[in-house]
Amino acid sequence: MASTKEILNRINSIQDTMKITRAMYMMSSMKLRKAKEKLAETEPFFIGTQKGLAENLAHFPDIRHIYFDNRIEDDHETIKRRGFVVFTGDKGMAGAYNHNAIKMALERISGMTKDEYKLFVVGETGRVFFTNNGYNVDENFKFSSNNPSMHRARIMSEYLIDLYNREELDRIDIIYTKMLNSVTEETCVERLLPLKTHKFIVEQAKEIEADTEGTSKAAKEMKEGVKHVHSINSYELEAIQHGGDSWFPFYPSLKTVLEKLVHNHFTAFMYGALVECSASEENARMMAMQAATDNAEAILHELSIEYNRVRQAQITQEITEVIGGAKALKKKKRR
Amino acid sequence: MASLFNLTITACDGVFYDGPCEMIVIPGPDGEFAIMNHHEKMTGVVEVGEIRFKKEDGEWQKAVISDGLFTVYPDGSVKILSYSCERPEDIDTFRAQEALERAQEQLQQKQSRIEYEISNANLARAMARLKGAKTQR
Chain S
13 MASTKEILNR INSIQDTMKI TRAMYMMSSM KLRKAKEKLA ETEPFFIGTQ
63 KGLAENLAHF PDIRHIYFDN RIEDDHETIK RRGFVVFTGD KGMAGAYNHN
113 AIKMALERIS GMTKDEYKLF VVGETGRVFF TNNGYNVDEN FKFSSNNPSM
163 HRARIMSEYL IDLYNREELD RIDIIYTKML NSVTEETCVE RLLPLKTHKF
213 IVEQAKEIEA DTEGTSKAAK EMKEGVKHVH SINSYELEAI QHGGDSWFPF
263 YPSLKTVLEK LVHNHFTAFM YGALVECSAS EENARMMAMQ AATDNAEAIL
313 HELSIEYNRV RQAQITQEIT EVIGGAKALK KKKRR
Chain A
2 MASLFNLTIT ACDGVFYDGP CEMIVIPGPD GEFAIMNHHE KMTGVVEVGE
52 IRFKKEDGEW QKAVISDGLF TVYPDGSVKI LSYSCERPED IDTFRAQEAL
102 ERAQEQLQQK QSRIEYEISN ANLARAMARL KGAKTQR
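Those protein sequences? They're chains S and A, same order as listed. Going by my numbering, the letters in the first sequence line up with residues 13 to 347, in that order. Going by my numbering, the letters in the second sequence line up with residues 2 to 138, in that order.
Check each hint, because a few of them may be wrong.
[As the list claims (entries may be wrong)] Simulated pairs of lysine-lysine, PhoX-like, Cα-Cα distance not exceeding 20 Å:
1. S:K267 / A:K42
2. S:K190 / S:K115
3. S:K208 / S:K267
4. S:K63 / A:K80
5. S:K115 / S:K46
6. S:K63 / S:K343
7. A:K63 / S:K272
8. S:K63 / S:K211
9. A:K80 / S:K272
10. S:K211 / S:K43
11. A:K42 / S:K63
12. S:K103 / S:K31
13. S:K126 / S:K43
14. S:K126 / S:K92
15. A:K63 / A:K135
Rather than coming from a laboratory, the hints here were simulated on the basis of the structure.
So that you can see chain S by itself, here it is in the shape it has in the complex (with noise of 0.2 Å):
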C-alpha cells in the first residue's frame, strides 16, 4: 500500500487538474451561449438559402455551363480534382469533435492520389493533423475558426470560387459538424459546387418517389437523413414537387443570376458552416470538460477512502506498537 504523503500528492495533483477542467468548463458554456446566439440568428438564413437554391435549381433550364460541370471538355476531363473544405476546431480538449471531422475527411480521400484531390482545412488542430501527416493540403488556405464573421467567410469562398472557376478543382465538399441537440452532434458532407441540374433532381425525385420500400441507395440516405452527396436533399425533393418544370423568368439574365446564386449559396454555407462549428465545438468542449470533473471528482472521493485507511492502518500500528511496548516494560518490571 501507498504511504500517506504519495496519496496526498496524488489528490494535490487531481484537485490542480480539476480546477483547470472546472474553469475551462466555465468558459466554454460562456462561449457556447454566445456561439448558440448566434446560430439561432443565422439559422433562417442558413435555412433560406438553401431553400432558394433548391428551388432555383428546380426551375433552372438544363444548360452547359461550369458550374454544373458539364460543358463539353468536362466532359471530357479523364481526372475530377476534388477539393474538400474540412472545419475543425483551433485547440484540442474537446472530447472527439475534432477527430470525427479529420475521420470523415480522411474516409473520403482514402484511395485517391494526391493529385486527386486537395485539402482545404479550417482551424489549427485539422491542419496540424494533415500537414504533419503529409496529405495535400492548401498553403494559403489558413483560416481560423474562431469567431465566425460574415467577412472570412467572403475571403474563404471567394478563394474557393475562383480555384473552381480557374479549374483547379471539378467538385467542392464540405466537410463540417452540425449541432442537432444539445447533446448530439453530427458530421456531415455536402457538396457545394458544382450544382445539380435540373434533370439530375427530376430523374432522384423521380426515383425516391417510385421507391415506396425505400431500397434504394437515394431513398435509403433520404430517409436517413444523410445529407446529399449522391443524391438530392429534402428541399430540393420539395422544390421538385411543387412544380417544378415550370420555368420562370430569371432578371437581369441567366448567367448573373446563376453567378449570384453561386457566390450567395457559397458565402451563406461557409458562415453558416462556421457558426454551427463554432457552437458545436464550445458544446464538445463543454461535455468533455464536464466529464472530466465527474472523473476527477470519483477518482478523489476513491483516493480520500485509501487515504483515510491508510491512515487508520498507520494510528492502529503505532497504538499496538505503543501497547506492545508498555506490556513489555510491565512484564520487564514485575520480574
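Assemble the complex: chain S is given as a structure, and chain A must be docked to it using the hints.
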C-alpha cells in the same frame, strides 16, 4: 389601395421583415425595380443599395441592403435573401466611415484580383450604409 402580398427579408443576422407589403422597390443591376402584388414569378439579383417598401398602413419603410437575391412566388409573395439588411437609424455611421476608409486604403495598394473584388464590394457596402444613414437625418 393596392392589394397586399407577403414580404420576407432574411439577412444573416435574422429575419429583418416578415409581413404584408403593398409595393417594394429593389435596387437592381440596371436601376430600381418595383414589385407589386400578382407579379409574375421570377428570380432576380439585388444589388447593394437602398430598399424601400410600402407597409400596410401606407408608410414607406427604408432599409439599407447588401447584395443578394429575390424570388417572387406564384402566390405573389416575395422573399429576399441578403447578407445584411439594416434600418437607417440602426446604422453605425462611425463604423461605416471606418470601413469606407479602410476599403479605399486597400484599393490603393496592389492586390490580387480576389482581394480587389472583396475591397470593392466592401467599399460599395460602406457607401450604401453612409448614404442610407444620411438621408435619414
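Hints versus structure:
1. A distance of roughly 18 Å separates the Cα atoms of K267 of chain S and K42 of chain A; the hinted pair therefore holds under the 20 Å criterion.
2. Distance hint between K190 of chain S and K115 of chain S is fulfilled; the C-alpha atoms sit about 15 Å from each other, no more than 20 Å.
3. Proposed proximity of K208 of chain S and K267 of chain S is supported: the alpha carbons are some 16 Å apart, at most 20 Å.
4. For the hint pairing K63 of chain S with K80 of chain A, the CA-to-CA distance comes to about 11 Å; that is within 20 Å, so the pair holds.
5. Restraint check for K115 of chain S and K46 of chain S: the C-alpha separation of about 28 Å exceeds 20 Å, so the hint is violated.
6. Straight-line distance between C-alpha atoms of K63 of chain S and K343 of chain S comes to about 98 Å, which puts the hinted pair past the 20 Å bound.
7. Among the hinted pairs, K63 of chain A with K272 of chain S is inconsistent with the structure: their alpha-carbon atoms are about 24 Å apart, more than 20 Å.
8. At most 20 Å may separate the alpha-carbon atoms for a hinted pair to count; K63 of chain S and K211 of chain S meet this at roughly 18 Å.
9. At roughly 16 Å between alpha-carbon atoms, K80 of chain A and K272 of chain S fall within 20 Å of each other, so this suggested pair holds.
10. As the CA atoms of K211 of chain S and K43 of chain S are separated by approximately 44 Å, the hinted pair breaks the 20 Å bound.
11. Distance restraint check for K42 of chain A and K63 of chain S: the Cα-Cα separation of roughly 16 Å lies within the 20 Å cut-off, and the hinted pair is therefore satisfied.
12. Restraint check: the Cα-Cα separation between K103 of chain S and K31 of chain S comes to about 19 Å, which is no more than 20 Å; the hinted pair holds.
13. The suggested pairing of K126 of chain S with K43 of chain S is violated, with an alpha-carbon distance near 38 Å, which exceeds 20 Å.
14. Taken as a hint, the K126 of chain S and K92 of chain S pair is honoured in the structure, with Cα atoms around 12 Å apart against an allowance of 20 Å.
15. Pair hint K63 of chain A plus K135 of chain A holds up; C-alpha atoms about 12 Å apart against a cutoff of 20 Å.
Figure legend: structure checked against the earlier numbered hints; hints not met, in rising order: 5, 6, 7, 10, 13.
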